[in-house]
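*Asks:* With these hints in hand, go ahead and build the complete structure from the sequences.
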Amino acid sequence: MCHPEAGRDQTNKCNGDRWMWGQNFSELFSRGGPVMWPLLGCSVLAVALISERVWAYWRLRVAYGPLLLELKSHVEEQSLDRLLDRLVGSDRPLHRVVAAYLRHRKAEKSLRDQVVVREASQQVSRYDCRLNWLGILTHATPLLGLLGTVAGLVGAFHQIELKGGQVQPGDLASGIWSALLTTVCGLTIALPCLAAYHLLQSVAGRAAMQMQWMTSQLDEWLFQEESAGAPPGPPSVVDAVREVTSTPRAVG
48 MCHPEAGRDQ
58 TNKCNGDRWM
68 WGQNFSELFS
78 RGGPVMWPLL
88 GCSVLAVALI
98 SERVWAYWRL
108 RVAYGPLLLE
118 LKSHVEEQSL
128 DRLLDRLVGS
138 DRPLHRVVAA
148 YLRHRKAEKS
158 LRDQVVVREA
168 SQQVSRYDCR
178 LNWLGILTHA
188 TPLLGLLGTV
198 AGLVGAFHQI
208 ELKGGQVQPG
218 DLASGIWSAL
228 LTTVCGLTIA
238 LPCLAAYHLL
248 QSVAGRAAMQ
258 MQWMTSQLDE
268 WLFQEESAGA
278 PPGPPSVVDA
288 VREVTSTPRA
298 VG
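Per my numbering, residue 48 is the first one in the sequence shown, and the count goes up by one each step.
Don't take every hint at face value.
To be verified - SDA-like cross-link-like pairs, simulated, lysine to any residue; straight-line CA separation at most 25 Å:
#	residue 1	residue 2
1	Lys-153	Arg-143
2	Lys-210	Gly-222
3	Lys-153	Ala-275
4	Lys-210	Ala-220
5	Lys-156	Val-135
6	Lys-119	Lys-153
7	Lys-153	Ser-120
8	Lys-156	Ser-120
9	Lys-153	Val-164
10	Lys-153	Ser-137
Calculated directly from the structure, the hints in this document are not laboratory data.
*Replies:* Written out as C-alpha cells, the structure reads:
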C-alpha cells in the first residue's frame, strides 16, 4: 500500500502495480476468497493443456498438397513400394494412414477399407487426446466463479444480519463487488479455453477430412491405373447380340 505522503516516484510505482479497480493481483486474489485457489489451479492447467496441444499439433502437421502431388507421381511411375518404404517410418498421422492403404492396396476393397478406417480412427484419437479436459475446464470455471460469488453474497448478507441491518451502503457494495470477483476470474479463464477448444477441434477435424480425401483420391487413381493397364476382356453377351443383329444379311 502507498502512503499518502509518499513521493511522486513511489506513488507512480504503486499505481503501476495496480491491475484493476485500484487493486494489485495479491489484493484481488485475497478478496476473492477461497474459491480463487481452485480457479488458479484451473488457469495453470488450462495453460499447460493448450501449450501441449499446440506443440503436439505442430509436430503432427503434414503438408497436404505436396504429399498429394508426390502420391500422384508415384502412382504414375508405379513406384508405390518405394513411397511405402519411406512412409512406414513416419510418425505423422496422415503418413500412417497412407502407408496402411498402400500396404493393403492389392487386397479386397472391403478389407482395405476396414484397415484404413481403423488406422484413421487411431490417428484421429491422437488429435483428440486431452481435448476433453479443456472442454471440462471451459464449463467448470464459470461454475466455480459463480459458486464463489454466491458464497460471497451469502457471507455479505450474513454480516448484515449480524449487525442488525445497521450497515452503510459502502459496506454492502464492498461485500458484493468482492463476491463478484470470482465470476470475473472464472469467465476470464473460460473464454480463452473455449476459443482454444474450438480452434483445436477444427484442426483435428481438418486432419480427419484430409485422411478421407487422401484415401478417396488414391482409390480413384489406382482404379484409373488398373483400368488403363487391364487387357481387353471377352465380349459380353450384349455385345455379341448387338454385333449379330447389326451385320447385314444377304437377300436370297
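*Asks:* Hey, Lys-153 versus Ala-275, does the alpha-carbon distance stay inside 25 Å?
*Replies:* holds, 16 Å
*Asks:* Can the restraint linking Lys-210 and Gly-222 be considered satisfied, given a maximum Cα separation of 25 Å?
*Replies:* holds, 14 Å
*Asks:* Quickly compare the C-alpha distance for Lys-119 and Lys-153 to 25 Å and report which way the hint goes.
*Replies:* It holds: about 17 Å lies between the C-alpha atoms, which stays within 25 Å.
*Asks:* Given the hinted pair Lys-210 and Ala-220, is their alpha-carbon gap at most 25 Å?
*Replies:* Holds, at roughly 15 Å.
*Asks:* Lys-156 and Val-135 were given as a pair; does the straight-line alpha-carbon distance stay at or below 25 Å?
*Replies:* This hinted pair holds, its Cα atoms lying about 21 Å apart.
*Asks:* Holds or violated: are the alpha carbons of Lys-153 and Ser-137 at most 25 Å from each other?
*Replies:* Distance ~22 Å between Lys-153 and Ser-137 Cα, so the pair holds.
*Asks:* Do the alpha carbons of Lys-153 and Arg-143 lie within 25 Å of each other, as the hint requires?
*Replies:* At roughly 17 Å apart (the allowed maximum being 25 Å), Arg-143 and Lys-153 satisfy the hint.
*Asks:* Within 25 Å, alpha carbon to alpha carbon, are Lys-156 and Ser-120?
*Replies:* Status holds; Cα separation ~23 Å.
*Asks:* Take a quick look at whether Lys-153 and Ser-120 sit within 25 Å of each other, Cα to Cα.
*Replies:* With a Cα-Cα distance of about 19 Å, the restraint between Lys-153 and Ser-120 holds, given a limit of 25 Å.
*Asks:* Can the restraint linking Lys-153 and Val-164 be considered satisfied, given a maximum Cα separation of 25 Å?
*Replies:* Roughly 16 Å separates the two Cα atoms, so the pair holds.
Checked against the numbered hints given earlier, this structure breaks none of them.
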